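Visitor: Here are the chains, one letter per residue:
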Amino acid sequence: MAQLLMIREQVKSFYSRYEGFCRPVLKFLLAFVTLTMINRSIGYAAVLTNIAIVLVLALLCSFFPNNFVVVIGVLVSLLHLYAVSLETVVAAGILFLLMFLLYFRFAAKDTILLVMTPLCFILKIPYVVPLCAGLVGTPASVISTGCGVVTYYLLQYISVNRNTLETLESEPIFVLEKFRMLIDALMKNREMQVLIVAFAITILVVYLIRRMPVDHAWTIAMITGMLVDIVVILVGDLKYETRIAIPALILGSLAALAVGLVLQFFVFNVDYTRTEKVQFEDDEYYYYVKAVPKNTVSLADRKVKKIKGQERSGGAAGSGSTGGGRAKRSSAEVKDVQEYRVRRTATRDRGAGNISSSSRNKNSTKRIIMPEDSVGRSERLTDIERAAAAKARAERNKKT
Amino acid sequence: MLNESRVKLMTRMAAFEAGEGKKSMAIGTYFRSDYIAKEIIKSIIYGTVAFGLILGVYLVYDFEVFMENMYEIDWLAFGKTLLFRYLTAIGTYSLITYIVYVVRYSRARRNLQIYYNNLRRLRAMYRKEAAAENKMEE
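Residue numbers (numbering that gives the first Met the number 0), protein chains in the order written: chain H, 0 to 399; chain D, 0 to 137.
To be clear, the hints were calculated from the coordinates, so they are not data collected in a lab. In this text the structure is predicted, and so the values were computed from the model without any measurement. Please note: incorrect hints may appear among the correct ones.
[What the hints assert, rightly or not] Below, computed lysine-lysine pairings styled on DSSO-like, alpha-carbon distance capped at 27 Å:
#: 1; chain 1: H; residue 1: Lys-276; chain 2: D; residue 2: Lys-21
#: 2; chain 1: H; residue 1: Lys-276; chain 2: H; residue 2: Lys-289
#: 3; chain 1: D; residue 1: Lys-21; chain 2: H; residue 2: Lys-289
#: 4; chain 1: H; residue 1: Lys-289; chain 2: D; residue 2: Lys-22
#: 5; chain 1: H; residue 1: Lys-108; chain 2: D; residue 2: Lys-41
#: 6; chain 1: D; residue 1: Lys-21; chain 2: H; residue 2: Lys-108
#: 7; chain 1: D; residue 1: Lys-7; chain 2: D; residue 2: Lys-22
#: 8; chain 1: H; residue 1: Lys-289; chain 2: H; residue 2: Lys-11
#: 9; chain 1: D; residue 1: Lys-37; chain 2: D; residue 2: Lys-22
#: 10; chain 1: H; residue 1: Lys-123; chain 2: H; residue 2: Lys-187
#: 11; chain 1: D; residue 1: Lys-37; chain 2: H; residue 2: Lys-108
#: 12; chain 1: H; residue 1: Lys-187; chain 2: H; residue 2: Lys-108
#: 13; chain 1: D; residue 1: Lys-22; chain 2: H; residue 2: Lys-276
#: 14; chain 1: D; residue 1: Lys-7; chain 2: H; residue 2: Lys-11
#: 15; chain 1: D; residue 1: Lys-22; chain 2: H; residue 2: Lys-108
#: 16; chain 1: D; residue 1: Lys-37; chain 2: D; residue 2: Lys-7
#: 17; chain 1: H; residue 1: Lys-123; chain 2: H; residue 2: Lys-238
#: 18; chain 1: D; residue 1: Lys-7; chain 2: H; residue 2: Lys-289
#: 19; chain 1: D; residue 1: Lys-21; chain 2: D; residue 2: Lys-7
#: 20; chain 1: D; residue 1: Lys-7; chain 2: H; residue 2: Lys-276
#: 21; chain 1: D; residue 1: Lys-134; chain 2: D; residue 2: Lys-7
[As the list claims (entries may be wrong)] Okay, the calculated bits of chain D under chain H, using three or more residues with CB under 8 Å as the criterion:
#: 22; segment: 60-72
#: 23; segment: 77-91
Each residue gets a CB set at the ideal place from its N, CA and C atoms; glycine is no exception.
Using the sequences and the hints given, assemble the complete structure.
Guide: So, in structure tokens, the structure goes:
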């Protein structure tokens, strides 16, 4: 666990330091994976399947806002569908237009779910979507996820029935027939409808539970969400005979839980605060400020000194003597104790008025050294520290 | 002379201006009623286009049935039904728009209020500094 926490700290630190590079790279990867998956599923336009074009488009996406990935994904899909028939393009185009007109103008941030949902379906992990949307999204994600599910099933239908859609002639009667087929594919697809309802309920359940003020709310939300998802899909399957594969459902839900746990680890209670670079001016100066978020020291940088067992001394504090009951220790032990005193002082008395000087050691941990006189008097020191300080002082006096 | 707390405050304000503040400031230029009315008008336009598309798809889907019964259809009743559905759809959509944008407007105003408070603090810092300098000169 400590190792994982360390990795998280390092990821957080790396992200906040190189945020300017990380975001374009992540956007590039998302766009590349999306376009590759689209090409694999409905890659009917040979020109667009060329890797060079995919790379160029992905590169473009990395420089534009997040939603540009969605725009490019939709355009590439429509161009592929044009290779099948004009009717499919019109049907899919109307569907996308309705989504953008009615919903995505309200929730531009959620648009990414329109890409992620079909992507997860293609990667055989569709049940990840409602869990993750419930964990990091809002109740409005229900609509985005629903749009994503509809998009996937439309594209899948076109992919499966490509030959039929291509071979029907272009007479008006066949054009109407093609339209009817595509609309029926959406309106009469019970499996799709069951999944939309199940995902919607799961998102709401996960969202409501993860916001509850209870311990482990995220974990409880994920497990409950997974179970609700399975139950709703099973009930829908029984009622409408959708023939959803039960083993795939259970395995997929477990995979979703695993992904949710990873997400919880990297998102819950972690602030990936960005490094801000701002410019402003007043009457006297121009300011070019780079505000770097504070990070806690990662575990690898910490140095733990073990202190060997020693007897407590009752009258040692501030007296300058080592006390009668204490055993004599080697100089190495004394050194250890002194080191301990310095470090503990730095931790306990940070910001207190009795700090005289500070310096940074090679591990870049701050070492604050107290003035000699205040060590013995300070009430905040433990007996061991007082004794160690007194002994160190006595030795120094002896030498001088 | 550089004042550390003033630079911190200015940095925070500049970060807000460059990020979330852009949207909040754009919203802040409107009165509440104007902003919401603008968004509702947009919604009515988008909703009308969407309704038209859905109606078109419906007509194309049932084109043959529609053509067969063309002379038997009571057009007045059909028109009334259509109008009623259009008004219901647009009304619902406008209501949702109203709720969403009322929340957004109040959130933006709250953010701007914080920003303006920071501006006041900044002005007070400058005044204090100027007063101190005057005192020194005297």
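Visitor: All hints are to be evaluated individually against the structure, with a verdict given for each.
Guide: Against the structure, the hints come out as follows:
| no. | hint | result |
| --- | --- | --- |
| 1 | H:Lys-276 to D:Lys-21 | holds, 16 Å |
| 2 | H:Lys-276 to H:Lys-289 | holds, 4 Å |
| 3 | D:Lys-21 to H:Lys-289 | holds, 20 Å |
| 4 | H:Lys-289 to D:Lys-22 | holds, 23 Å |
| 5 | H:Lys-108 to D:Lys-41 | holds, 19 Å |
| 6 | D:Lys-21 to H:Lys-108 | holds, 16 Å |
| 7 | D:Lys-7 to D:Lys-22 | holds, 22 Å |
| 8 | H:Lys-289 to H:Lys-11 | holds, 18 Å |
| 9 | D:Lys-37 to D:Lys-22 | holds, 16 Å |
| 10 | H:Lys-123 to H:Lys-187 | holds, 23 Å |
| 11 | D:Lys-37 to H:Lys-108 | holds, 21 Å |
| 12 | H:Lys-187 to H:Lys-108 | violated, 30 Å |
| 13 | D:Lys-22 to H:Lys-276 | holds, 19 Å |
| 14 | D:Lys-7 to H:Lys-11 | holds, 23 Å |
| 15 | D:Lys-22 to H:Lys-108 | holds, 14 Å |
| 16 | D:Lys-37 to D:Lys-7 | violated, 37 Å |
| 17 | H:Lys-123 to H:Lys-238 | holds, 24 Å |
| 18 | D:Lys-7 to H:Lys-289 | holds, 11 Å |
| 19 | D:Lys-21 to D:Lys-7 | holds, 20 Å |
| 20 | D:Lys-7 to H:Lys-276 | holds, 13 Å |
| 21 | D:Lys-134 to D:Lys-7 | holds, 25 Å |
| 22 | 60-72 | holds (count 3) |
| 23 | 77-91 | violated (count 0) |
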